[in-house]
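Chains A and B are the protein sequences, given in the same order.
First residue of the first sequence? That's 246 in the numbering used here, and the numbers climb one at a time after it.
First residue of the second sequence? That's -15 in the numbering used here, and the numbers climb one at a time after it.
Calculated from the structure, these hints are not laboratory results.
Any given hint could turn out to be false.
[Claimed, not checked] So, partial list: chain B residues that the calculated Cβ filter (under 10 Å) puts toward chain A:
1. Lys217
2. Ile265
3. Lys349
4. Lys371
5. Phe374
6. Lys375
7. Glu376
[Claimed, not checked] Now the in silico label distances, taken between C-beta atoms and shown as ranges:
8. A:Ala374 with B:Asp54: 45 to 51 Å
9. A:Ile393 with B:Asn248: 18 to 24 Å
10. A:Asp427 with B:Gly246: 57 to 63 Å
11. A:Ile393 with B:Asp178: 35 to 41 Å
[Claimed, not checked] Some chain A residues near chain B, calculated using beta-carbon distances under 8 Å:
12. Met248
13. Ser250
14. Thr306
15. Ser366
16. Asn463
17. Ala504
Note that the Cβ used here is the ideal one computed from N, Cα and C, for glycine as well.
Here is what each chain is made of, one letter per residue.
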Amino acid sequence: MDMGSLLHQFIQQMINGISLGSIYALIALGYTMIYGIIKLINFAHGDIYMVGAYLGFIATTYLGFGFLPAIIFAMLGAGLAGIIIERVAYRPMRNAPRIAILITAIGVSFFLEYTMMLIASPQPRTFPAIFEATVYHLGPLVVNSQQILILVSALVLMVALSYIVNKTKAGMAMRAVSFDADAAQLMGINVDKTISLTFALGSALAAAGGVLVGIYYNSIDPLMGMMPGMKAFIAAVLGGIGIIPGAMAGGLILGVVEALVSGFISSTFRDAASFAILILILLYKPTGLLGKNVREKV
Amino acid sequence: MFMKMMKKLSSVALAAMVLAALTAGCGGGAKKDAAKPAGNEIVVGASFELTGNVANYGKSTLSGFQMAIDETNKAGGVNGKKIRLVTSDNKSEPAESGNAVTKIVTQDKVVAVVGPATSGCVAAAEPVVTGAKVPLIAPCATAPGITLNKDGSVKQFIFRACFIDPFQGQVMATFADKTLHVKKIAILFDSSSDYSKGLADVFQKTLEKNGGQVVAKEAFLAKDIDFKAALTKIKASNPEALYVPGYYEEVSKIVKQAREIGLNVPMMGSDGWDSPKLAEIAGSAALNNCYFSSAFSADDKDPGVQKFIKTYKDLNKKDPDVFAMQGYNAGLVLVNALKTAGTTDGTKLAVTLAATKDLSVASGKFTYDKNHNPITGAIVIAMKDGKQTFKEKINL
């Protein structure tokens, strides 16, 4: 392979990686927010993404919604589901040992997967084509309008999230609860409400990811959340779990690494590379790329 | 408790039979014949997945088998004797399969068993029929191992009526060479599935033997959704065709994404592609210039196939699928062996079965190779505007 085609390969794989990475980032955001606020690795998060995809499917197929109403419908629905899950499954466990609540999360994950299988059957569903994919050729490079849609939607949502977290009162409350829940409560912040809001926001982002994946890959099924959920978890840890910009960066880096490994080494090593990253990060920088070393008070 | 007792009883009975057969040696055959209901009927067993999660395979196969037996009886039976069919259900579970076959072998004293449909259930039934020296024909179990012992020798009493998984790899490599005239081929396979890996290996071997070359070999995992990175790499290797053995869930997305990145070469696959979902997910246009191997196509112009389809439709009020055809073929193979052997002795029947040669079945001519696998043709299906169309029949 000569240099020119090598470069073009590289850029093409970057494009592939960024569009995949922005999905990981959207899911990773929810992981990181929920971890940040109640120190829970919400293993059901990947399944919320699946629920979001199904809500988008219902909105487009049965209700005849267009892209924007469908994604908003899915985000609202999944946000509500997130609030309910927190209320029913996690809130009663808030003072239980960490491991108990972690197992509850796995239980919720199975509950969502198999309930969806019961309702919607394990067969994959075909997402209606609400966006005709236009293919743009930039010289030797190929970009698809849906890839652009994913990237733009992800960026808009991330900007909106940053605004909510950094500039609004609710966001300030979230940061306060995450920093010190007891002190926040003493300052008059309604901790329960704030946690509910965090679940709603995180779940809504995952749902948006689900709908985008549905549109882009054209098919959804009840177990679609397992692998992306795991990858998003790696992305969140990579960026520094609990840190919002870290999740965005982690998601994009992971997507690009996967594409480059598949493209220049071998696709057989793709998942191995992802999990190797997780192991290396946990060994050498457990706080993640953007994490600060916080000493725990003893 | 009752079930437990039944299991115990049946295993005792089985042990007794094995012992009898062993001690009596050749004379055992005569004794066994005497124990069977004398008179003018031959009892044949069918053990299938009639309930449980793959019940549709079992039911479909049984319907084809039943049709073959009914036709035989209508035409006068086997050497003047009518065939009586007894069925048992293994609930789609290998653990139940042994019991279900034990029941028909020990209580109903069947002379041969047809079924089960899936490889796992056949493997579980194998010790029972081998112990009782009753031949078993598995109509549609495709795992290569079920007719072979661990040391590679053939299992005396186990036969099948379908091609084995790797055979499809040979078929498509031949198709690439003879019909598409392509030499430089990329392979994208599912590294989490034995089926896909086996097909990819055999395809590569056959291709290289024919003077072709694998220009790229990439892998994916079941449930993956994004294949663009691997496909981009494949595209850079400039293949003349792409071979993707796998199941429709991933394959449909691969086809879609390949076309999106401008990889417009012919794509080839295996019978795992066969699903209406394939066209729904991939899109009709993307699937043009795609081919896959299968055992059966309703468009096959072969008079034998068309006759089978028509008879089946008249009888069952629905279109037959590949399982029904393989059940039917298994029936014809068994009936032919019963007629030729002229006896219901299991060991002799197995020898006769193994010697089946050029028998006319619904899908063409049927001959067993030394591993009890039929040497039979496969069909290549071409996708055209989202519809499956018959492309050609390949005999190796």
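Now the hints, each set against the structure:
1. Lys217: Hint holds; B:Lys217 Cβ to chain A Cβ min 5 Å, cut 10 Å.
2. Ile265: holds (5 Å)
3. Lys349: violated (37 Å)
4. Lys371: Constraint on B:Lys371 not satisfied, violated at 17 Å.
5. Phe374: violated (25 Å)
6. Lys375: violated (25 Å)
7. Glu376: violated (30 Å)
8. A:Ala374 with B:Asp54: 45 to 51 Å: holds (47 Å)
9. A:Ile393 with B:Asn248: 18 to 24 Å: holds (22 Å)
10. A:Asp427 with B:Gly246: 57 to 63 Å: For A:Asp427 and B:Gly246 the Cβ distance comes to about 58 Å; the hint holds.
11. A:Ile393 with B:Asp178: 35 to 41 Å: Since the Cβ atoms of A:Ile393 and B:Asp178 sit about 39 Å apart, the hinted range of 35 to 41 Å holds.
12. Met248: Constraint on A:Met248 not satisfied, violated at 13 Å.
13. Ser250: Constraint on A:Ser250 satisfied, holds at 7 Å.
14. Thr306: Since chain B brings no Cβ nearer than about 12 Å to A:Thr306, farther than 8 Å, the hint is violated.
15. Ser366: violated (12 Å)
16. Asn463: holds (5 Å)
17. Ala504: Status holds, d = 4 Å.
Comparing the model with each numbered hint stated earlier shows that hints 3, 4, 5, 6, 7, 12, 14 and 15 do not hold.
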